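*Asks:* Those protein sequences? They're chains A and Y, same order as listed.
Going by the working numbering, the first residue of the first sequence is number 13, and it counts up by one from there.
Going by the working numbering, the first residue of the second sequence is number 62, and it counts up by one from there.
Since the hints were made in silico from the structure, they are not lab data.
Mixed in with the good hints, there may be bad ones.
Unchecked claim - Under the rule of at most 27 Å between Cα atoms (straight-line distance), these lysine-lysine pairs were calculated in the DSSO-like manner: (1) A/Lys33 to Y/Lys165; (2) A/Lys33 to Y/Lys184; (3) A/Lys180 to Y/Lys73; (4) Y/Lys184 to Y/Lys165; (5) A/Lys180 to Y/Lys76; (6) A/Lys33 to Y/Lys159; (7) A/Lys184 to Y/Lys73; (8) Y/Lys66 to A/Lys260.
Said to hold, decoys possible - Listed next, the stretches of chain A that the computed footprint assigns to chain Y, with coverage defined by at least 3 CB atoms under 8 Å from CB atoms of chain Y: (9) 16-27; (10) 211-223; (11) 261-267.
On a predicted model such as this, the values are computed, not experimentally measured, just so you know.
Think of the CB as a built atom: it goes at the ideal place given N, C-alpha and C, for glycine as much as any other residue.
Here is what each chain is made of, one letter per residue.
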Amino acid sequence: MRSGYQIMCATVHALLLRELKTRFGEYRLGYLWALLEPLAQLGLLLLIFGVFMHRVMPDISFAVFLVNGIVPYLLFGSITSRALSAVEANRGLFSYRPVRPIDALLARTLLEALIYSAVYLLLMMLLWLLGEPVRFDNLGALAASWLLLIVLSFGLGLVFMVAGHAFKTADKLLPLLMRPLYFVSGVMFSLHVIPSAYRWMLDWNPLLHAFELMRHAVCPSYPLYDISLGYLALWALVLLSLGLALYKGREAAMLST
Amino acid sequence: MIQLKNLTKSYKTPKGRHFVLHDVSLTIPSDVSIGLIGRNGAGKSTLLRIIGGMDRPDNGRVITRQRISWPVGLASGFQGSMTGRENVKFVARLYASKAQLASKIAFVQEFAELGHYFDMPIKTYSSGMRSRLGFGLSMAFDFDYYLVDEVTAVGDAAFKQKSAALIQQKRQASQFIMVSHSLSEIKRFCDAGLLIGRNGVRYFDQVDHAIEAYQEEEHAHTA
Numbered sequence: 013m014r015s016g017y018q019i020m021c022a023t024v025h026a027l028l029l030r031e032l033k034t035r036f037g038e039y040r041l042g043y044l045w046a047l048l049e050p051l052a053q054l055g056l057l058l059l060i061f062g063v064f065m066h067r068v069m070p071d072i073s074f075a076v077f078l079v080n081g082i083v084p085y086l087l088f089g090s091i092t093s094r095a096l097s098a099v100e101a102n103r104g105l106f107s108y109r110p111v112r113p114i115d116a117l118l119a120r121t122l123l124e125a126l127i128y129s130a131v132y133l134l135l136m137m138l139l140w141l142l143g144e145p146v147r148f149d150n151l152g153a154l155a156a157s158w159l160l161l162i163v164l165s166f167g168l169g170l171v172f173m174v175a176g177h178a179f180k181t182a183d184k185l186l187p188l189l190m191r192p193l194y195f196v197s198g199v200m201f202s203l204h205v206i207p208s209a210y211r212w213m214l215d216w217n218p219l220l221h222a223f224e225l226m227r228h229a230v231c232p233s234y235p236l237y238d239i240s241l242g243y244l245a246l247w248a249l250v251l252l253s254l255g256l257a258l259y260k261g262r263e264a265a266m267l268s269t
Numbered sequence: 062m063i064q065l066k067n068l069t070k071s072y073k074t075p076k077g078r079h080f081v082l083h084d085v086s087l088t089i090p091s092d093v094s095i096g097l098i099g100r101n102g103a104g105k106s107t108l109l110r111i112i113g114g115m116d117r118p119d120n121g122r123v124i125t126r127q128r129i130s131w132p133v134g135l136a137s138g139f140q141g142s143m144t145g146r147e148n149v150k151f152v153a154r155l156y157a158s159k160a161q162l163a164s165k166i167a168f169v170q171e172f173a174e175l176g177h178y179f180d181m182p183i184k185t186y187s188s189g190m191r192s193r194l195g196f197g198l199s200m201a202f203d204f205d206y207y208l209v210d211e212v213t214a215v216g217d218a219a220f221k222q223k224s225a226a227l228i229q230q231k232r233q234a235s236q237f238i239m240v241s242h243s244l245s246e247i248k249r250f251c252d253a254g255l256l257i258g259r260n261g262v263r264y265f266d267q268v269d270h271a272i273e274a275y276q277e278e279e280h281a282h283t284a
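One chain only, chain Y, in its complex shape (with noise of 0.2 Å):
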């Protein structure tokens, strides 16, 4: 379970604050994968920031005792002057303990399938093989939720089928929380679907009345 508890986030613009999130406060339930729906801007990423911790709200706080991810496929934390190998080597040493350091790496390394390049700088990498080795850095840990912001659009055919086959059968023991602007993607993988529309934040059991509520939405305001 995941308690949001009246969080705000607002950012400072020449013109004015902007707030991106106005009192939310709402349970996301155990053992289902939520889908955050919203147009562009709407504040999915921001959220989903918050809700892994990786950002603070202005206000509120987000209650949990559930081991949440990083955003999977994150490569931010890379230092792109050390190997795949060191990069690896640096967040296992900070998630796992010193036991289980060497079969972490070896997952990643035969996930990833990069070869030789995987004890090369990751600067020499292309943004493909970087993304691979974030994907299989996120799935070496095990997470309750693990959070994913865009993330299976990037690889070739081939890995792309890998990446699904792997989170679905991680969904066995763990849950997602995912923003796409697939909504066919979201509707693959989430049971949930959490709406930030234009006047406000609603949760939904069933993932499709999410999408059918954001396709209303959007199409009142254009019309």
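The shape of chain A in the complex, shown without the other chains (with noise of 0.2 Å):
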């Protein structure tokens, strides 16, 4: 017999597997894919922004500074996004026993993870060839933001997951509650261009929190304004919890017809 844990490890590894096939199986160039998609769709901003809209940041390259708001902006978004119909779109998987809601999410989460990561990486070994001034000795605070902010999207993914299954106008609802969050998270700006006066209306987003810390990681010079790794660590465990206990409380009416 197997236990729990061991059946729910290899459940989400061939989940894990199944989805990289679906995904990237068919095409040319195969698995590559999962690293080009994004990294075209990264340069492609980076080019519009870096070259275009060169603004100055406080003693951080702008690409620099770039790719570590976009990147776990994005890692952020494709695990919380496809949460809400997560049920609806692995039902057909759910007549095999093993298969349960959480174990879909997570081997998700898992993929995106891996997949930003190799992304993260890349990008910033090529800024450092380019010669950008980047560092990496500090490797582990960049590692727990890192790591955190995967915890953090996949509570709220479950929470996310839990909703959309039981209200059918979350699918619609939460979609464009998230869209502003883009412009308070400081893809875009950094906190220190922020009259100290306003910062307390930006600066209770944990998204915020992580990008300034990656930041402040890889270029110790960047100035950190209230920003703490266990603020961030903080949600990241309020999230987890709530998304566990609702799915918890959830599960039998989820694998219900």
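The task is to assemble the complex, starting from two chains supplied on their own in separate frames and drawing on the hints.
*Replies:* Here is the structure:
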């Protein structure tokens, strides 16, 4: 007999390979597309903002600044966005008893985390080779912010999955509510340019904390204003607990037709 | 042994709740194959899916320590853009250890007889090919109970014969819980019967008695 933990590992592993195959298996170059797709998307954004809007950032090159906002935001977005319809999208698979909704979300989170980690590393190496001032001596802080962002996204993804299944309108409403988040998370601006009297309007946002921490990690001279890893960790923990609690209460309902 | 305790299942309809199963409690003994008998829409398939854990009741529970299959021949879990082999591999990863993976795939490949189609995307399959793959896939794994929802009706004559032979062989170690519109098929494969009738659910030790009771009930209703 396999233990519950072993079954879950085997299931998540199977789902991950399945998703990888479905999304990229059919194409020429295959799995390379997993990296090329976000890279192309980013390249374009970097070109537009980097060349045409060459803004001056506090002690950080604009390209490094952008990569440390856009990549983690895309990671967050790709984990949470499809969580809303995850139950219906995977309905056919729930006939196989080992597969539960949380496994589908976990597999997806791991896959996106792998893809975007590789994308991030590739881009940072590229910038480093191009002579941008990038420092890799604070990898611990960088990894911690990145991991907490993944946990936070997974927790919110769980909440969304439960909400998307329980309320049909959540499907339409939540993406609308999420859109402004892009503009208040510091993807395009630094907290440095916000007058200190107004920072309270933005610094509640854990995504902003994650991005600023990452920037500071790769560029130690980049200033931080009331940004803390602990605050990010607290959000990640709270969202994960909330997500798991909601999921536990609603799992049976999700598996019911 | 499978114990059903106070199972209730209903669906919302514009005209209020429609109860498919209402407070069903019974015990299915070990070592018998069971046919679920009842008119269309009586809830046979729903009960089958609840026993297998593919669907959840509104109330009540199913208590068992037996390994129960997914509905034999089920195709809803297939991913059209993946090949037959990749789909089989996915399910084998769910149910078998790494060491068994190759032998499970080989079994399905041999049984389904799809030739080079085994390595083509499933969306290119005919429905017959799809169900051959589905049937072979279910049979590749050892369960205590196999759930069957109208499956032997698919495939050509030779494949039907082969399937029936495999089911008989499996019956030496495993049991079947079967839904079929063909009463003769139920008689052939099942020992006991579960009548999902107009006045509740009743268990019969002898499948013949269940069929008789079903026919009497329907006769009385139409008369």
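*Asks:* Between the alpha carbons of Y/Lys66 and A/Lys260, is the straight-line distance 27 Å or under?
*Replies:* Roughly 22 Å separates the two Cα atoms, so the pair holds.
*Asks:* Given the hint that A/Lys33 pairs with Y/Lys184, test it: the Cα-Cα distance must not exceed 27 Å.
*Replies:* holds (15 Å)
*Asks:* Would you mind confirming whether the straight-line C-alpha gap from A/Lys33 to Y/Lys165 stays at or under 27 Å?
*Replies:* Since the Cα atoms of A/Lys33 and Y/Lys165 sit roughly 20 Å apart, the hinted pair holds (cutoff 27 Å).
*Asks:* Are at least 3 residues of the region 211-223 of chain A within less than 8 Å of chain Y when you compare beta carbons?
*Replies:* violated (count 0)
*Asks:* If you count the residues of the region 261-267 of chain A with a beta-carbon closer than 8 Å to a beta-carbon of chain Y, do you get 3 or more?
*Replies:* The restraint on the region 261-267 of chain A holds, since 3 of its residues have a Cβ under 8 Å from chain Y and three suffice.
*Asks:* Holds or violated: the region 16-27 of chain A covered by chain Y, criterion of 3 or more residues with Cβ-Cβ distance under 8 Å?
*Replies:* holds (count 4)
*Asks:* Between the alpha carbons of A/Lys180 and Y/Lys73, is the straight-line distance 27 Å or under?
*Replies:* holds (15 Å)
*Asks:* Hey, Y/Lys184 versus Y/Lys165, does the alpha-carbon distance stay inside 27 Å?
*Replies:* Roughly 22 Å between the alpha carbons, so the hint for Y/Lys184 and Y/Lys165 holds.
*Asks:* For the pair supplied as a hint, A/Lys180 and Y/Lys76, is the alpha-carbon distance within the 27 Å limit?
*Replies:* At roughly 20 Å apart (the allowed maximum being 27 Å), Y/Lys76 and A/Lys180 satisfy the hint.
*Asks:* Going straight from one Cα to the other, do A/Lys184 and Y/Lys73 come out at no more than 27 Å?
*Replies:* holds (23 Å)
*Asks:* Is A/Lys33 close enough to Y/Lys159, meaning Cα to Cα at most 27 Å?
*Replies:* holds (19 Å)
This entry does not satisfy hint 10, going by the numbered hints stated previously; all others are met.
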